[in-house]
Every structure is written in C-alpha cells, then in structure tokens.
Amino acid sequence: MVNTYHKHDVFQAIADPTRRELISLLADKELPVTAISNQFPISRTAVSKHLNILAEAGLVSTKKVGREVRYTLEPEPLKELKYWLSYYERFWDKKLNALKSFVETGNKE
Numbered sequence: 001m002v003n004t005y006h007k008h009d010v011f012q013a014i015a016d017p018t019r020r021e022l023i024s025l026l027a028d029k030e031l032p033v034t035a036i037s038n039q040f041p042i043s044r045t046a047v048s049k050h051l052n053i054l055a056e057a058g059l060v061s062t063k064k065v066g067r068e069v070r071y072t073l074e075p076e077p078l079k080e081l082k083y084w085l086s087y088y089e090r091f092w093d094k095k096l097n098a099l100k101s102f103v104e105t106g107n108k109e
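Going by full-length UniProt numbering, the sequence shown opens with residue 1, and the numbers climb by one from there.
Some clues are possibly wrong.
[What the hints assert, rightly or not] The calculated DSS-like cross-link candidates involving lysine-lysine, where the alpha carbons are at most 27 Å apart (straight line), are:
1. 49 / 64
2. 79 / 49
3. 79 / 29
4. 82 / 49
5. 29 / 82
6. 79 / 100
7. 82 / 94
8. 82 / 64
9. 29 / 49
[Said to hold, decoys possible] Pair ranges (Cβ atoms, derived):
10. 64 / 102: 37 to 47 Å
11. 106 / 35: 54 to 64 Å
12. 12 / 45: 33 to 43 Å
13. 64 / 93: 44 to 54 Å
14. 97 / 65: 28 to 38 Å
15. 44 / 90: 35 to 45 Å
16. 24 / 67: 19 to 29 Å
Since the hints were derived computationally from the structure, they do not count as laboratory data. Ideal Cβ placement from N, Cα and C applies to all residues, glycine included.
Given these sequences and hints, build the entire structure.
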C-alpha cells in the first residue's frame with residue numbers, strides 16, 4: 001500500500017457532517033463550487049474551506065474548466081475506512097456470537 005502524506009487524514013476529514021454531505025453530493029458527479037454551495041445553508045467560503053479539507057485528505061480533486069473550479073470525488077482514500085471498519089465488524093461479530101452462545105448455553109442450568 002502506498003503511503004501518501006496528506007495534511008488531513010481521511011478520518012479527520014469525514015468527522016464533520018457537512019463534509020460527509022459533500023462527499024455524498026460529489027459521489028455522482030463533478031460539480032463547481034457555486035453549484036455545491038447552493039446545496040448548503042452556509043456561506044460559499046465555508047463550503048470552500050470544507051472542500052479544501054477534503055482535498056487535503058485526498059478525497060476530492062479539482063479541475064479548472066474556464067473560470068470555474070470543478071470538484072470530483074476521489075474514492076480511493078475511502079478504502080482506508082473500509083479496511084478499518086471491516087476489522088471491527090469481524091471483532092464485534094465474534095464478540096456477539098460468543099455472547100449469544102453464552103446466553104443460549106449458559107442459562108440452561
């Protein structure tokens with residue numbers, strides 16, 4: 001796995017609900033900041049700051065088209081989340097199965 005330095009890691013970037021909404025919005029299409037900011041009750045400047053944090057984490061990329069800057073989701077860094085969550089999914093499955101077995105067999109006294 002290639003380690004690329006990012007100012008913000010993926011976990012920090014998705015910790016904010018606004019940034020998670022931005023990720024969802026960009027999942028289907030590339031959009032300019034104006035179209036993105038129209039979807040939120042915060043200022044365009046605030047949206048731009050959130051987009052910059054996502055970009056610093058490698059989650060979005062930008063492309064200049066004429067005078068417009070368009071944002072695109074880069075899903076690759078989300079794999080880090082998937083791997084981390086899958087470990088805990090297996091961990092809790094084992095724990096819950098052990099509890100289930102204990103409850104089913106341990107209470108037959």
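Pairwise hint evaluation, residue 49 against residue 82, where the allowed Cα distance is 27 Å at most: The given pair, whose Cα atoms are some 25 Å apart, holds under the 27 Å limit.
Given the hinted pair residue 49 and residue 64, is their alpha-carbon gap at most 27 Å? holds (17 Å)
Going straight from one Cα to the other, do residue 79 and residue 100 come out at no more than 27 Å? violated (31 Å)
Has the given pair, residue 79 with residue 29, been kept, meaning a C-alpha gap of at most 27 Å? Holds - the C-alpha atoms of residue 29 and residue 79 are around 19 Å apart, at most 27 Å.
Could you grab the alpha-carbon distance between residue 82 and residue 64 and see if it respects the 27 Å cut-off? With Cα atoms ~30 Å apart, residue 82 and residue 64 exceed 27 Å; violated.
Using the Cβ atoms, figure out if residue 44 sits within 35 to 45 Å of residue 90. 43 Å Cβ-Cβ, so the 35 to 45 Å window holds.
Per the hint of 33 to 43 Å, is the separation of the Cβ atoms of residue 12 and residue 45 within bounds? violated (20 Å)
Has the given pair, residue 82 with residue 94, been kept, meaning a C-alpha gap of at most 27 Å? holds (18 Å)
Are residue 24 and residue 67 spaced within 19 to 29 Å by their CB atoms? holds (26 Å)
Quick check on a hinted range of 28 to 38 Å for residue 97 and residue 65, using CB atoms only. violated (52 Å)
Is residue 29 close enough to residue 49, meaning Cα to Cα at most 27 Å? holds (20 Å)
Could you check the hint for me, namely that residue 64 and residue 102 are 37 to 47 Å apart, CB to CB? Distance hint for residue 64, residue 102 is violated at roughly 60 Å.
When the structure is compared with the earlier hints, violations turn up for hints 6, 8, 10, 12, 14 and for no others.
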